[in-house]
Amino acid sequence: MLRTEDRVVLLRALYVTMVRMRGVEETIADLLEAKEIGCPTHLYTGQEAVAAGVCAALRADDYVFGGHRSHGHYLAKGGDLNALMAELYGKKTGCSGGRGGSMHLVAPEVGVLGTAPLVAGTIPIAVGAALASALRGDGRVTVAFFGDGAAEEGVFHESMNLAAHRKLPVIFACENNSYASHMHLLERRARDNIVASAEAHGMPGRVLDGNDVLAVLSAATEAVRDARSGAGPTLLECRTYRWRGHVGPALDFDVGVRRKDELCEWRGKDPVTRLAEHLLACGMTREDLDGVRRDVDAEVHKAVTFARESAPPEVESLTEHVYRSASERQG
Amino acid sequence: MTARSISYAQAIREAFAQLLAQDSRVFVIGQGLWSPWYVGTSMQDIDTEFGRERIIDSPVSENATTGAAIGAALAGMRPIVVHPRMDFMLLAVDQIVNEAANWHYMFNGRVNVPVVIRPVINRGGEQGAQHSQALHAWFAHVPGLKVVMPATPYDAKGLLIAAVHDGNPVVYIDDRWLYGEMGEVPEDPYSVPIGQAAVRRRGRDVTVVATSYMVVEAMKAASALEEVGIDAEVIDLRSVRPLDEATIFASVKKTGRLVVADAAWLSCGVGAEVAARVAGGAFEALRAPIGRVGLPDAPAPTSRALEDAYYPRAGQIVTEVRRLTGGGKSRDGVAVARGRH
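Chains as they are written, first to last, in the working numbering: chain X, 1 to 331; chain G, 332 to 672.
Quick caveat, the hints were computed from the structure, so don't treat them as lab data. Quantities reported herein were computed from a predicted structural model and do not represent experimental measurements. For glycine and all other residues, C-beta sits at the position ideal for the given N, C-alpha and C. Keep in mind that a hint or two might mislead.
Quick partial rundown of chain X residues pointing at chain G, CB under 8 Å, derived from the structure [claimed, not checked]: (1) Ser-96; (2) Gly-97; (3) Ile-125; (4) Val-127; (5) Leu-131; (6) Ala-132; (7) Ser-133; (8) Gly-137; (9) Gly-139; (10) Val-155; (11) Ser-159; (12) His-165; (13) Trp-243; (14) His-321; (15) Arg-324.
Facing chain X, according to a computed beta carbon distance under 8 Å, are these residues of chain G, among others [to be verified]: (16) Gly-382; (17) Glu-384; (18) Thr-396; (19) Ile-401; (20) Trp-434; (21) His-435; (22) Met-437; (23) Gly-440; (24) Ala-645.
To spell it out: a stretch of chain X is covered by chain G in this simulated footprint if at least three of its residues, at any positions, have a beta carbon under 8 Å from a beta carbon of chain G; those stretches are [unchecked claim]: (25) 110–123; (26) 223–229.
Here chain X stands alone, though its shape is the one from the complex (with noise of 0.2 Å):
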């Protein structure tokens, strides 16, 4: 058990986490309202407590992997802020040099090493990174974001067949809110039991609470430690809430009226807020909170500025990168 006083210090970071989460995704929304920025984005707005939850259970050299709504996973791994946004305006600073786009993110120096949004496209990329970790004995485990459409896809059961047989460490972590673009997950599915794939495939699975961080926390460094042992993989069912549509900045875009009655009800429930009154709880105080907020602003503003006044790459670098050469295997 933590001192009273690590614990504060840990919650704090991880508010710290999620209110700069919140604050960018809620920037981003209004700057593709005034259509500033015009690459297909999906937002996490909501879902702040699974990406924080999971990846404050990790290493620094831990591997994640994402798919199109991966701005969350990104900045919680440590994914440079000005970077990000940069890649969003199509900037040469961008962290993917202006050729990815939102669903495109890279950071490897924090062990981002993609985000791609085919769903269920990076999972068995997951898995080999694990495996890789495995062959090595480096220690390290690896995440697999992704969301309740990918558990549709075959290769999220061949992935965790392969994962299980060989007891690799990757943690499998399904964020499901609901809703694959515009259906819902019961127009798809004839049961809402995506956590039943995890006993079919021979690893434990744990339905969470995703609107709740230290729920989270607490089954993520379960699973870490699991995997880090050579216990194998574990599937993690994160119940949770996108606030806007599937893409863009609108609140109910894409599945229609019926959802608004939904949409209060899990604002009610709201991850960050519920972690602000816990924090409250500890003895932090509003102003502290309030700082923290100030704080995110700031440097949100500051990454818009940076990403407004960078260039934008240079034209006749269009086929380049394609293949690597041979100068950057000698480097």
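Take the given structure of chain X and dock chain G to it, following the hints.
Below, chain G alone, put in the same frame as chain X:
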């Protein structure tokens, strides 16, 4: 280094063994790697020599297995994925095309995928439509992938080693019809540069560009053509992407005629690509239409009677060359016009 002749299959196995022995980052994953029949003798007992931790016989999950190799490559390993029938690899096209091919570009060169994907072509033997396809043109269409097709034992070893060291996703395609071919192979490890064609036979009258097993048939065709007074230059393409235009152009500028022999369907195939490049880059040298030899527009049949008619052989290359050259000398020795030579 002693000159020694070994088979194409032995050359592949030697490349695997040397790669595994020299670099702990190299491992192999795919279906059938512990089986005595899946990949013939090309990897026989490699699992007992290097252990089943590094030679992983995978679940029946092509997409996940290929994705896992891609992920391991991103994390610093040098995996080789084996698909013992190229047809099975189609289940992994998502990972190969959507992920592996794009990764380096879409992340601005910050991560790379040094993975080798080895699909084996298993034509003939009454194996039918789903155990026989040669789909190299599909993969060569995609920027970010390299596609090599060794035709000799020397290249089988050298191109596999080059592919593992390349730093990019490389599709290395071998054909079981070549496994018994013998040739000189140095014992020490060596690389054959990816993207360079090889001139297998010098000639003046026609350029035959061939891929993979069709190089064997092209060489037989060249011997037959010699008998009728036609001197064919045979180019072994070796690498479908990148494509060595320079060697092809230089040859066509000398011979003035081109036939492309590829054991795949003609539509949108390698023959079409080579023909288009020559038409665009060496058109003035052409003295005849461009000829192509390939499979008829049908899936592979199983019946031997149909199969024999299905796969192109030297005779079709000879026929195509004679059509373009106006025939060469006929069998009774009467000279036939064949251009300025």
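- [ ] Under 8 Å, Cβ to Cβ, is where Trp-434(G) needs to be relative to chain X, so tell me if that hint holds or is violated.
- [x] holds (6 Å)
Task: Status of the Ala-132(X) interface restraint (C-beta, 8 Å, chain G) - done: Nearest chain G Cβ about 4 Å off; hint holds.
Open item on the list: Hint validation: His-435(G) versus chain X, beta carbon distance must be below 8 Å. Holds or violated?
Closed with: holds (6 Å)
TODO: Verify the interface restraint on Leu-131(X): the C-beta must sit less than 8 Å from at least one C-beta of chain G.
DONE: holds (5 Å)
Task: Satisfaction of the Gly-97(X) interface hint, Cβ to chain G closer than 8 Å - done: holds (3 Å)
Open item on the list: Would the hint on Ser-159(X) be counted as holding, given a Cβ-Cβ threshold of 8 Å to chain G?
Closed with: Interface hint status for Ser-159(X): holds (5 Å vs cutoff 8 Å).
- [ ] Closer than 8 Å between Cβ atoms is the bar; does Ser-133(X) clear it against chain G? Give me holds or violated.
- [x] With a closest approach of 7 Å, the Ser-133(X) hint holds.
Open item on the list: Is the interface hint satisfied for Arg-324(X)? The criterion is a beta-carbon contact with chain G at less than 8 Å.
Closed with: holds (4 Å)
Task: Given hint Gly-382(G) near chain X, where the shortest CB pair must fall under 8 Å - done: violated (11 Å)
Open item on the list: Quick check on Val-155(X) please, does its C-beta sit within 8 Å of some C-beta on chain G?
Closed with: holds (5 Å)
Open item on the list: Checking hints one by one. Is Thr-396(G) an interface residue toward chain X, by the C-beta closer than 8 Å rule?
Closed with: At 7 Å from the nearest chain X Cβ, Thr-396(G) passes the 8 Å test, so the hint holds.
Task: Hint check: 8 Å Cβ-Cβ cutoff, Gly-137(X) to chain G - done: violated (11 Å)
When the structure is compared with the earlier hints, violations turn up for hints 8, 9, 13, 16, 24 and 26 and for no others.
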